[in-house]
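J.: From first to last, the protein sequence lines stand for chains V and P. Residue numbers for the first sequence follow our numbering, so the first one is 1 and each next one is one higher. Residue numbers for the second sequence follow our numbering, so the first one is 1001 and each next one is one higher.
Please note that a few of the clues may not be correct.
In silico EDC-like links for lysine to aspartate or glutamate, alpha-carbon gap of 20 Å or less [as the list claims (entries may be wrong)]:
no.: 1; chain 1: P; residue 1: Lys1236; chain 2: P; residue 2: Glu1171
no.: 2; chain 1: V; residue 1: Lys270; chain 2: P; residue 2: Glu1157
no.: 3; chain 1: P; residue 1: Lys1175; chain 2: P; residue 2: Glu1022
no.: 4; chain 1: P; residue 1: Lys1236; chain 2: P; residue 2: Glu1120
no.: 5; chain 1: P; residue 1: Lys1236; chain 2: P; residue 2: Glu1069
no.: 6; chain 1: P; residue 1: Lys1141; chain 2: V; residue 2: Glu273
no.: 7; chain 1: P; residue 1: Lys1141; chain 2: P; residue 2: Glu1069
no.: 8; chain 1: V; residue 1: Lys313; chain 2: P; residue 2: Glu1022
no.: 9; chain 1: V; residue 1: Lys270; chain 2: P; residue 2: Asp1097
no.: 10; chain 1: P; residue 1: Lys1236; chain 2: P; residue 2: Asp1260
no.: 11; chain 1: P; residue 1: Lys1175; chain 2: P; residue 2: Glu1210
no.: 12; chain 1: P; residue 1: Lys1236; chain 2: P; residue 2: Asp1305
no.: 13; chain 1: P; residue 1: Lys1313; chain 2: P; residue 2: Glu1069
no.: 14; chain 1: V; residue 1: Lys313; chain 2: P; residue 2: Asp1108
no.: 15; chain 1: P; residue 1: Lys1141; chain 2: P; residue 2: Glu1131
Treat the hints as calculated values from the structure; they're not laboratory data.
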Amino acid sequence: MPVGVKDIVATRGVPTTAGSRILEGWRPPYDATVVERMRAAGLVMLGKTNLDEFAMGSSTEYSAYGPTYNPWDLTRIPGGSGGGSAAALAAYEAPLTVGTDTGGSIRQPGAVTGTVGAKPTYGGTSRYGLVAFSSSLDTPGPCARTVEDAALLHAVLAGHDPRDSTSIPQPVPDVVGAARLGATGDLTGVRLGLVREFGAEGAEPGVMAAFRDGLDALTKLGAEVVEVSCPHFQYALPAYYLIAPSECSSNLARFDGVRYGLRVGDDGQKAIEEVMSLTREAGFGPEVKRRVIIGTYALSSGYYDAYYGQAQKVRTLITRDFTAAFEQVDVLVSPTTPFVAFPLGSRTSDPYQMYLADLYTIPTNLYGGPAISVPCGLSEGLPVGFQIMAPTLADDRMYRVAAALESAVGTLTPGELS
Amino acid sequence: MTVTLPPYDEVVARYEPVIGLETHVELGTKTKMFCGCPIDFGGQPNTRICPVCLGLPGSLPVANKAAIEATIRIGLALNCTIATWSRFARKNYFYPDMPKNYQISQYDEPLCVDGWLDVEVEGEIVRIGIERVHLEEDTGKTQHVGGATGRIHGATESLVDYNRAGIPLVEIVTKPVPGTGALAPIVARAYVTELRDVIRSLGVSDVRMEQGSLRCDVNTSLSLPGEPWGTRTETKNVNSLRSVERAVRSEILRQAAVLDAGGKIKQETRHLHEETGDTRPGRSKETATDYRYFPEPDLVPLAPDPAWVASLKEALPELPRVHRKRLQTDWGLSDLDMRSVVNAGAVELIEETIAAGASPRAPASGGWASWPAAPTRPASSWSRWVPRPRRWPSCSAWSTRASSTTSWPAPYWRA
Chain V
1 MPVGVKDIVA TRGVPTTAGS RILEGWRPPY DATVVERMRA AGLVMLGKTN LDEFAMGSST
61 EYSAYGPTYN PWDLTRIPGG SGGGSAAALA AYEAPLTVGT DTGGSIRQPG AVTGTVGAKP
121 TYGGTSRYGL VAFSSSLDTP GPCARTVEDA ALLHAVLAGH DPRDSTSIPQ PVPDVVGAAR
181 LGATGDLTGV RLGLVREFGA EGAEPGVMAA FRDGLDALTK LGAEVVEVSC PHFQYALPAY
241 YLIAPSECSS NLARFDGVRY GLRVGDDGQK AIEEVMSLTR EAGFGPEVKR RVIIGTYALS
301 SGYYDAYYGQ AQKVRTLITR DFTAAFEQVD VLVSPTTPFV AFPLGSRTSD PYQMYLADLY
361 TIPTNLYGGP AISVPCGLSE GLPVGFQIMA PTLADDRMYR VAAALESAVG TLTPGELS
Chain P
1001 MTVTLPPYDE VVARYEPVIG LETHVELGTK TKMFCGCPID FGGQPNTRIC PVCLGLPGSL
1061 PVANKAAIEA TIRIGLALNC TIATWSRFAR KNYFYPDMPK NYQISQYDEP LCVDGWLDVE
1121 VEGEIVRIGI ERVHLEEDTG KTQHVGGATG RIHGATESLV DYNRAGIPLV EIVTKPVPGT
1181 GALAPIVARA YVTELRDVIR SLGVSDVRME QGSLRCDVNT SLSLPGEPWG TRTETKNVNS
1241 LRSVERAVRS EILRQAAVLD AGGKIKQETR HLHEETGDTR PGRSKETATD YRYFPEPDLV
1301 PLAPDPAWVA SLKEALPELP RVHRKRLQTD WGLSDLDMRS VVNAGAVELI EETIAAGASP
1361 RAPASGGWAS WPAAPTRPAS SWSRWVPRPR RWPSCSAWST RASSTTSWPA PYWRA
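Looking at chain P on its own, in the form it has when it is part of the complex:
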């Protein structure tokens, strides 16, 4: 069925989009969430495993304190209230990449609640409400082989690698964000970008979307002005900043076309197709699994000491937006120029260049802001930029994790 999509500007003039984002961040702790297995990517499949993360009968989880600390720091950076009493819960469902057929997660007693993150969009600050920040364990990875597409259909066998099973995963859920109108896709992207930068500045994850250490689910709904919010859809595993923007935009267009034709939006999970930029339905939410959450009896409740939380708050680094503000002042840039630098992703580069001896006044005199256009400069001016730091970006506190790929290794381990 081909649906002719209406023009975007026309759609957002009539419909009010509401967005919401769920972001998963893999923490860069030395060991897994509930066992002592090392977290280092690139290992042979099923070599970073033990009885605990394999869920062998009789094994028991022990919570990783560093992961709890990292989660609380993320919560603090997002202006959340840190719970004085928090519990893990079991989320029950059957899936072969989940060793216990339940995931240890958090349900109604998360570690951090009720915060916000300010995001700058076209010179305006948009405050995104944070519903909750909680901690859970990642699952393993399934690979379907023998088919043409790598998908389950047509595959002759499925292989599971449990190296990822049990890696600590922080889930950050926003409150619904209404009122952004035509800017909704850009706001979504700006939020994920800012969130990524905040988490990176905390040094708790390498937050690489392309490697899956930051994953995003995007909720979108449309309603007519003054009407109650519409039914939302959830677009899963959006794996780049550009895709976050595209997912919202394409859902706005698709939903508008459905509504315009007198149809109803189904509450469902959808997947973004990178090639076409449109979303297609996944499983229907109406028949979604009942996860039968209940408090995890193998773990004791968490009661973070308020003094400890206060000391973590005290020790938070300067957050990216504040940091950028300070740089702007130091460099003497106008708002517009600074925005160009940020949009070009050049902040760290300029910082390092200045740290390497360049004058901060030089950029103020007009060069830095137009940096993306730099190739038009005379070749000689480039020489002042070197030596450019080889590691980019160089913030050494980021991660001790290997920079090797997390993508699936060659299937030679099958033997």
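Just chain V, with the same shape it has in the complex:
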């Protein structure tokens, strides 16, 4: 079984660029744990898939190696950062792919390409070998065309890894069994939580309509819908855009041209600081630089408490919102992303418009729980994703509900390919 691997995951002897010029030509001397597990299960690496540079972006337009196009409409983006992994599935170029999700990078591309993308519980899959973007958020996970396929790959990738200190030393929930159970189409007694605060944010009407259809389908299978309040979700986006850039500013410091990757300006005359600076100037793209600068600022002495410290408090409050919500419901549901695949170039000039793509996916990353995106219909002829969020370590729950939805609405295939 061939598997595509997002090019931010280290593969022994095979170039791993993280979508950046600064790592051009770098061949890791080791495999990431998820790749090791994949290979041990008999899966073959098909190739590396494109992404926004260092997984920072929601459209794959920030890849230093050019954009990836959406198989549903080649003038539109395939989502990001894992646009390559999602597009390869939608275009039937790969049956399975591995992605990483820091703020929605598995789920949002899944949503806009009509494929399935699952972010496991943080610590459920090992980060060892993932070129780090934001260490406290990065989570590798499966991308597939069906929920059961995603669950099967999830089961291969997940499990405790002593090389990652944040890996959870607990058994992996039976995600495959849960997906198969869900596929029987019975959700009697399952309580779905609708986050009140998400309603106010206003997804596109077509996206909301498809989401409502999905919700109706689940209700018909016996699920019960309960509205819950998560008052701090409105602060998730700003908190995320302090925490992730802060961690990235530190994680990306190692790319300095001294040990590996690109080196610019080493003419025997310039001081090391100049070479480092020229290398980083030439090697990093605009979005990466923006986040490194934001993060450097947020961690600076005198600003730390107001920015990074405050964002961490918000994170705690969001976690409490999730915990309280899961006392009332089994899973939370929402559209995966507020809009369908947008045209290439339409949001790159305004970072905030780009960041909005992850409005519904980011809270889960701050909390650490699992979430999955599964297709629920079309809007303007383009796929819409349905997001299911579960409590930490209850990855099986989301697979059950996702498989039930899939059994009701079916899978999606781009027109030209079907």
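Let chain V serve as the given structure and place chain P on it in line with the hints.
T.: Structure of chain P alone, referenced to chain V:
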């Protein structure tokens, strides 16, 4: 500019020195702080490295439990409170000998806080407050070649060896020590000596200053009696006990000369010059890097089990000062005689000699205390001293680390 320095006695009669010491100790664990690379000195450059200590993309640190245990034992020996919750933090700055361009260290949540170490100076006990004891990783080493001096100026290339990168390093920071007056340099030296002996007795490091496994930064300031403490300077990487004393003394003299001339002390880092014994400015602290510390997200917080800490405390060896007290009683020496033995660095030697069969009464009868003058003894008396143990000192628990040099090997590895 030549400054005439005032006489030392006259300076310390007018100014009150305050000192503070930051000591770094490389632990003698089998493996590095965050990876499985062996710690053994003398290996070819860049042969004790792996993706983790090289900071390769995607690699992650895993904390070495033995290093955490050693740090807690040092904290306990220094009468510290052991934190029930402690975290590693990233200290961010760019330097080519630091593989990740951040150092995993500890910031506001160190493992051990608020202790003390009693130091004996001229028969008096001086209690040195310990601010904190924390754990971090060492950096690699840079070598500048092609220049005349081995320094960066004039060098044609710089080489980095990452064998040392990631070796566990314990930092021990004292509280400011006021009130030692003219004795400040001697107190500083006595503290580092006692600290070294304590750590050696714990068997967690070979604490060799000349090899860099114990390194010291010395803070000094002067103020007029009754006035607030003056601006401090930090003299870096003082690499012998003698230099600790010299660094304090020379800073006292230099600062007094500046103050006497109506000048102000700049808060800065200085370096001790071994040949001349004076200090010269390094980088200015006012423009120091903002390290942008934040909790290390790749590691989970440490929460040492109080029962485990208690068992470590229970198992601490007899500490040097207590040990010396016991020997003094056993040997029947006066305070003055014992001090002479200690100052001569002869305690271990005498212990071993007695262990080898010599009578402890013989020293009590007057010989041991004057041991430094022993060469004047008749040759025959020496025969009783042999066989002197070949390994000196012989405490086998000290270290399994190679005794080979940590100094830079010949540059043949450049090819």
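J.: Tell me, in ascending order, the numbers of any earlier hints that this structure violates.
T.: 4, 5, 7, 8, 10, 11, 12, 15
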